[in-house]
Amino acid sequence: MSPVDSDLLDQAAAHLREALLVALTPSLGTLSLGMRSSTGREIPILLQRLANGELLVSDAGETWGELVMTGHASVRPSKAQSERLKRLGDMYKVGWDHGALAFEALCTFYTLPDAARRVTAASIALDGWRALSDQPDVIRVARTPNLSTLSARVAEKARSVGWHVTENQSLAGKTGFSWPTVAVLDRKSTRVGIRVSHSKPEVAIEQAVGCAVDTNTPIVLVAKTEVPDSFLHRAAHVAVIPGLAKATPRQILEAVDRLASQSSV
Amino acid sequence: MRRARGFDSAKVVAHRKRLYATETELWDEAARSKGFTRGMAREGWNVVIYLKSECIIRAKLSVGRAPVEALDHHRRPSKNETGVQVPAGYHWDVFYPLVRKEPVSPQPTGRESVLAALVHRWHLELDPTVQQELLR
Numbered sequence: 001m002s003p004v005d006s007d008l009l010d011q012a013a014a015h016l017r018e019a020l021l022v023a024l025t026p027s028l029g030t031l032s033l034g035m036r037s038s039t040g041r042e043i044p045i046l047l048q049r050l051a052n053g054e055l056l057v058s059d060a061g062e063t064w065g066e067l068v069m070t071g072h073a074s075v076r077p078s079k080a081q082s083e084r085l086k087r088l089g090d091m092y093k094v095g096w097d098h099g100a101l102a103f104e105a106l107c108t109f110y111t112l113p114d115a116a117r118r119v120t121a122a123s124i125a126l127d128g129w130r131a132l133s134d135q136p137d138v139i140r141v142a143r144t145p146n147l148s149t150l151s152a153r154v155a156e157k158a159r160s161v162g163w164h165v166t167e168n169q170s171l172a173g174k175t176g177f178s179w180p181t182v183a184v185l186d187r188k189s190t191r192v193g194i195r196v197s198h199s200k201p202e203v204a205i206e207q208a209v210g211c212a213v214d215t216n217t218p219i220v221l222v223a224k225t226e227v228p229d230s231f232l233h234r235a236a237h238v239a240v241i242p243g244l245a246k247a248t249p250r251q252i253l254e255a256v257d258r259l260a261s262q263s264s265v
Numbered sequence: 001m002r003r004a005r006g007f008d009s010a011k012v013v014a015h016r017k018r019l020y021a022t023e024t025e026l027w028d029e030a031a032r033s034k035g036f037t038r039g040m041a042r043e044g045w046n047v048v049i050y051l052k053s054e055c056i057i058r059a060k061l062s063v064g065r066a067p068v069e070a071l072d073h074h075r076r077p078s079k080n081e082t083g084v085q086v087p088a089g090y091h092w093d094v095f096y097p098l099v100r101k102e103p104v105s106p107q108p109t110g111r112e113s114v115l116a117a118l119v120h121r122w123h124l125e126l127d128p129t130v131q132q133e134l135l136r
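Sequence order for the protein chains is L and F.
Just so we're aligned, residue 1 is where the first sequence starts under my numbering, counting upward by one.
Just so we're aligned, residue 1 is where the second sequence starts under my numbering, counting upward by one.
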């Protein structure tokens, strides 16, 4: 090894030692090795002295707690989950306490450093649940309704009140452009299209008006975003339903009926 | 006939962590830590309040399946999304509209003040029985 490299190593070692010393400050009855979870939380090491003189080292249940808070896990793990957690603990030679929802290891004062490292490692491994669970981003999953579900629900409701429904059909315009729709509703000589847009309100409404004029068909626009009130009743032959999450089939069909009655007059 | 020693409720459980705890105490603790749930995910919202340990209460408010806000407690400091240090203790985990951590100030000193902070922030109506259960 060159002398420069050994200097670098010495400096780095001194720096890391200083950083570790800062992290090792006790806080609310815990210590930390300075490792952080993916959310930036320091992994705590909770020490409990047992009546037989041994020490119980645990991660205070905070890693599971964070999974609960972010919606990746329920407060109490299921039996199957508990089994997996035990297996994860076995990999690092630590135990899983089902009551405290924490990884824990028994040690003496002399084996404490090793036990603390193993508990910290298991705790960080559990943090990987965030990426490995079935719903990697719970918030986004819950906020985006399924479009195919929406069209199916609308279609079911529309058929029950006498509309002929074609799902996911494109309407051919006079200009030759084909305008995609979620569903096209036909009854006698009336035809109404339903469009869903994820664009900004002004763009979505502009496209819907374009579609209505080009295809000569009234359009119900379900906008994903909130639409300002001043935009709602401006366009002829276009009914706007703001907020995709709030749009119900009934609301959409009311708008369809309104447009149908206007166009037949 | 009276048993000489070691009748059930006072039986010392050979629990490796709590060598001095009686079985009754452990069962009580387990029952309380299950917490209090109001609302259902299917109804569109729910609130869960539970005892994490003897002195720590946690709570989560969800809409649909998505958490909106939670009262969390960390024993170590953490960094929030923007890299700002959040001190140890209680903080609000806000998930919507912007993910952030807001320290609770003043920091609750007991379970009563934690519940008071929750009731104030989420406009909860806690039954006295639930409150007693969580404070017992």
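Any given hint could turn out to be false.
[Stated by the list, open to error] In silico SDA-like links for lysine to any residue, alpha-carbon gap of 25 Å or less:
| id | chain 1 | residue 1 | chain 2 | residue 2 |
| --- | --- | --- | --- | --- |
| 1 | L | Lys224 | L | Glu156 |
| 2 | F | Lys79 | L | Lys174 |
| 3 | F | Lys101 | L | Thr30 |
| 4 | L | Lys224 | F | Lys79 |
| 5 | F | Lys79 | L | Ala260 |
| 6 | F | Lys79 | L | Pro180 |
| 7 | F | Lys79 | L | Glu156 |
| 8 | F | Lys101 | L | Ser74 |
| 9 | F | Lys79 | L | Ala121 |
| 10 | L | Lys174 | L | Ala260 |
[Claimed, not checked] Some chain F residues flagged as far from chain L (calculated, every beta-carbon gap over 10 Å):
| id | residue |
| --- | --- |
| 11 | His73 |
| 12 | Ser78 |
| 13 | Asn80 |
| 14 | Gly83 |
| 15 | Leu118 |
If you are wondering where the hints come from, they were derived from the structure by calculation, not from laboratory data.
Quantities reported herein were computed from a predicted structural model and do not represent experimental measurements.
Just so you know, even glycine gets a beta-carbon here, dropped at the ideal spot from N, CA and C.
Hint-by-hint comparison with the structure:
1. Lys224/L - Glu156/L: holds (21 Å)
2. Lys79/F - Lys174/L: violated (57 Å)
3. Lys101/F - Thr30/L: holds (21 Å)
4. Lys224/L - Lys79/F: violated (33 Å)
5. Lys79/F - Ala260/L: violated (56 Å)
6. Lys79/F - Pro180/L: Roughly 46 Å between the alpha carbons, so the hint for Lys79/F and Pro180/L is violated.
7. Lys79/F - Glu156/L: violated (49 Å)
8. Lys101/F - Ser74/L: Between Lys101/F and Ser74/L the Cα gap is close to 21 Å, so the pair holds against 25 Å.
9. Lys79/F - Ala121/L: It holds: about 19 Å lies between the C-alpha atoms, which stays within 25 Å.
10. Lys174/L - Ala260/L: holds (21 Å)
11. His73: violated (8 Å)
12. Ser78: violated (4 Å)
13. Asn80: violated (7 Å)
14. Gly83: violated (8 Å)
15. Leu118: holds (14 Å)
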